[in-house]
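Engineer: Take a look at the letters that make up each chain.
Number of protein chains: 2
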Amino acid sequence: MKEKEQKILDASLKLFTERGFQGTSTAEIAKTAGVATGTLFHYFKSKEELINRLYFYTKESLLTEISAHCDDKKPFKENLKELWLDLVNFGINDSNKFQFIITFHCSPYITSLTKEEIENKLEGTLEVYKKGLKEQEIKEVYFELAMDYLWGSVVSTVDHFGKYPEKFNAHNLDLAFELFWDGISK
Amino acid sequence: MKEKEQKILDASLKLFTERGFQGTSTAEIAKTAGVATGTLFHYFKSKEELINRLYFYTKESLLTEISAHCDDKKPFKENLKELWLDLVNFGINDSNKFQFIITFHCSPYITSLTKEEIENKLEGTLEVYKKGLKEQEIKEVYFELAMDYLWGSVVSTVDHFGKYPEKFNAHNLDLAFELFWDGISK
DNA sequence: ATTCCTATAGACTGATTAGTCAATTTAATA
DNA sequence: TATTAAATTGACTAATCAGTCTATAGGAAT
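These protein sequences, in sequence, are chains A and P.
In terms of the numbering used here, the first sequence opens at residue 1 and continues consecutively.
In terms of the numbering used here, the second sequence opens at residue 1001 and continues consecutively.
These are calculated hints, taken from the structure and not from any lab test.
Mixed in with the good hints there might be a few duds.
[To be verified] Below, in silico cross-link-like pairs of lysine to aspartate or glutamate (EDC-like), each with a Cα-Cα straight-line distance of 20 Å or less: (1) P:K1139 with A:D182; (2) A:K167 with P:D1148; (3) A:K186 with P:E1178; (4) P:K1186 with A:D182; (5) P:K1047 with A:E18; (6) A:K139 with P:E1140; (7) A:K163 with P:D1174; (8) P:K1163 with A:D148; (9) P:K1115 with A:D159; (10) A:K139 with P:D1174; (11) P:K1139 with A:E178; (12) P:K1163 with A:E116; (13) P:K1167 with A:D148; (14) P:K1139 with A:D174; (15) A:K167 with P:E1144; (16) A:K97 with A:E144; (17) A:K167 with P:E1140.
[To be verified] Label-pair distances were calculated between CB atoms; the ranges are: (18) P:E1117 with A:K186: 42 to 50 Å; (19) P:E1117 with A:S61: 20 to 28 Å; (20) P:D1182 with A:K31: 47 to 55 Å; (21) A:K45 with P:K1167: 21 to 29 Å; (22) A:K131 with P:E1117: 47 to 55 Å; (23) P:S1185 with A:T32: 45 to 53 Å.
Virtual Cβ for every residue (Gly too), placed ideally from N, Cα, C.
Build out the structure end to end from the sequences listed, making use of the hints.
Structural biologist: And the structure:
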């Protein structure tokens, strides 16, 4: 990826997250990225293409962070905790990307094509869960409900420690995971 | 409240939720409400005042819906379930208001004054929780974490049934509550 | 050296925006 | 009925916006 293209993505991520899509002008993005508006439209044919590429880029970052969490030697709870912790840590350390994802995941500017492309990449992650289900360690709630419960727990945990940074430590992180785990386990 | 003022609030709620704050023009709001732009600015001195009054109004609606859930004769779990169900049902039945609240609760357009005013009204709701804590029915997680866990569970449940409306029935609602309850209870 | 393509710049444009203002209608009161 | 204040209108304006266009600069290939 070209250097200026990356600068434009970084600037957009920051500004879209802070002020929203319509609240951010392409002129501001160009200025923050240190390029001319013409350069922005050279790499991205419209503001909408820019936000779609940005959505794809942030979701890819998230997926990279959470790959490979199914070590058959470890107990299921441990595998699941690693996944949960990776998601929460991504939310806290890469908070701009995480906030962008949750703000724009149901935005009308993101085309369904963009969403499909990235959702397809998510399949692997689900393996952990399927294993736990097979081993009957977790409740027999249907798959979609369990997944939304997992994601909801991650989002509310990240939001919580964003609101109370002084509470962020290993002990409270364990507490938050146990809330999630005791809900989902048998 | 004057009739046209209410029409303007209703139109704003719909349009802000669908297209965002910056994505909605005052001209569109006025047209949807069936008034002239001059009338809009007669009742609301700016677009920002409009969204702040709307935030206050939607949060008041939410609070009205969830009042008085501490019947000492009933077991704690039942009281808490009523509160949880009222929140979830509000999210599903008044989905515009609910979506507006979660979309704009950390928006820069809502002043901290507006937020304070409404948060103060929330105190009463917490009584249920305090009772359960005293009776040692729930885990000794600190107060703020438990509250954020409760709200997170409500949001993810509402989102879930919004995504899969065909799954919305009493049985699955109970399932979703049990996920929450088994997390928080001892 | 010449050709040709990509990268970069920033002035410019037509469209849209939040908010104003002077004129008019409505409603209430004296 | 006459008077006055509040409600309502929509044309108007100055500012801002997304995207275009023309002009250069650089570098690779011939």
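Engineer: Would the hint linking K167 of chain A and E1144 of chain P be met if the CA-CA limit is 20 Å?
Structural biologist: holds (10 Å)
Engineer: Keeping to a limit of 20 Å between CA atoms, is the pair of K167 of chain A and D1148 of chain P held or broken?
Structural biologist: OK: K167 of chain A and D1148 of chain P at ~13 Å, within 20 Å.
Engineer: Run the distance test for K163 of chain A versus D1174 of chain P: straight-line Cα separation, threshold 20 Å.
Structural biologist: Roughly 30 Å separates the two Cα atoms, so the pair is violated.
Engineer: Is the hinted pair K1163 of chain P and D148 of chain A satisfied, with a Cα-Cα distance of at most 20 Å?
Structural biologist: With a Cα-Cα distance of about 10 Å, the restraint between K1163 of chain P and D148 of chain A holds, given a limit of 20 Å.
Engineer: Take the C-alpha atoms of K1139 of chain P and D182 of chain A, compute the straight-line distance between them, and say whether it is at most 20 Å.
Structural biologist: It holds: about 11 Å lies between the C-alpha atoms, which stays within 20 Å.
Engineer: Between K1139 of chain P and D174 of chain A, is the straight-line Cα distance small enough, at 20 Å or below?
Structural biologist: holds (13 Å)
Engineer: For the pair supplied as a hint, K1139 of chain P and E178 of chain A, confirm whether the alpha-carbon distance does not exceed 20 Å.
Structural biologist: Holds, because 10 Å separates the two Cα atoms, which is no more than 20 Å.
Engineer: Given the hinted pair K97 of chain A and E144 of chain A, is their alpha-carbon gap at most 20 Å?
Structural biologist: Status violated; Cα separation ~24 Å.
Engineer: Okay, S1185 of chain P versus T32 of chain A on CB: inside 45 to 53 Å?
Structural biologist: At roughly 48 Å between Cβ atoms, T32 of chain A and S1185 of chain P fall inside 45 to 53 Å, so the hint holds.
Engineer: Quickly compare the C-alpha distance for K1163 of chain P and E116 of chain A to 20 Å and report which way the hint goes.
Structural biologist: Holds - the C-alpha atoms of E116 of chain A and K1163 of chain P are around 16 Å apart, at most 20 Å.
Engineer: Holds or violated: K1047 of chain P and E18 of chain A, Cα atoms, limit 20 Å.
Structural biologist: With a Cα-Cα distance of about 19 Å, the restraint between K1047 of chain P and E18 of chain A holds, given a limit of 20 Å.
Engineer: K1186 of chain P and D182 of chain A: Cα distance at most 20 Å?
Structural biologist: holds (9 Å)
The structure does not agree with the numbered hints 6, 7, 16, 19, 21 stated previously, though it agrees with the rest.
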